[in-house]
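Since chain A is already given, all that's left is putting chain B on it; use the hints.
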Amino acid sequence: MRSGDLILQTMSKVVFFIIILFSIHLFFEGHYRPGGGFVGGLMTSGAIILLLLAYDMETVKKILPFDFKWLIAVGLFISVLTAGGSLLFDVPFFTHVHDYFNLPLLGKTSLHTAALFDLGVFFVVVGVTLTIIQTIGESE
Amino acid sequence: MTEILDIVVLVFILIGAFFSVVAAIGVVRLPDVYTRNHAASKSATLGVMFILMGTFIHFAAEDHTNTRLILAIVFIFLTSPVGGHLINRAAYYTGVKMWDRSVRDDLMERVGNLNVRSADGKNRKTDELKK
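Going line by line, the protein sequences match chains A and B.
Numbers 3 to 142, taken from the working numbering, label the letters of the first sequence in order.
Numbers 3 to 133, taken from the working numbering, label the letters of the second sequence in order.
If you're looking for bench data, these hints aren't it; they were derived computationally from the structure.
Even for Gly, the Cβ is constructed at its ideal location relative to N, Cα and C.
Hints are supplied without guarantee of correctness; some may be wrong.
To be verified - Here's a subset of chain A near chain B, in silico, CB distances under 7 Å, partners left out:
hint: 1; residue: 9
hint: 2; residue: 13
hint: 3; residue: 17
hint: 4; residue: 20
This is chain A alone, in the form it adopts within the complex (with noise of 0.2 Å):
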């Protein structure tokens, strides 16, 4: 289904950029302020969802090349090796650790191991959600 309107084309190009924007600031404030991966995930797939319904979704599988299926594959590999992690330096399993660290251009940074596990959580919320949308989407 092509709805071959320009203005919503043309517009969905520049919004696709502020959302996902916005996604990956909500993705990395989650420890300190309302956000994390289930939100950042969430508005993540409603930015390419923006782009199914201003283009297509061949378009979209132009862009995006792989199936997201992979993707929650991927996001609970990387959830559970954050957990099983733990277990190589005997305490208990989830264990999580922070520490400060000098990053070239941030600077003084606080890195956590839960950002991690927030990002296999994104990475699954991304793929369940575009999967069901494509799966609606595609059943004629």
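Same frame as chain A, but now just chain B:
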């Protein structure tokens, strides 16, 4: 200084609330979907932008500069008219009638022969739908 800012914030939020009320009255009182959409998309957008601007100034005066509000203003300014355009476009192509006192319809000449899908799922010419 803060007193002046308080007055500025008050004025911004009152203007925003006023435009929102105008939009609501317009949606209730105007005769057809196109004029209603005109009221809703223009006036409500400006109203919400004014309220967000007042909120931004209020928190910026307390050293809590919230750039999300600026982003929200830009976002609403970009997307709300496009939403109004899409609703009007969908209404026109599904054959929603204009107000009976409308005087001209220039788009009709352009798309008069276009096949559109009407509400009952059949493809019809727009000429038939307009009658």
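Verification of the hints:
Proximity of residue 9 of chain A to chain B holds as hinted, the smallest CB-CB distance being about 6 Å (cut-off 7 Å). About 5 Å separates the beta-carbon of residue 13 of chain A from the nearest beta-carbon of chain B, less than 7 Å, and the hint is met. Below 7 Å, beta-carbon pairs count as interface contacts, and residue 17 of chain A has one with chain B at about 6 Å; its hint therefore holds. For residue 20 of chain A, the interface hint holds, since its Cβ comes within 7 Å of a Cβ in chain B; the closest pair sits about 6 Å apart.
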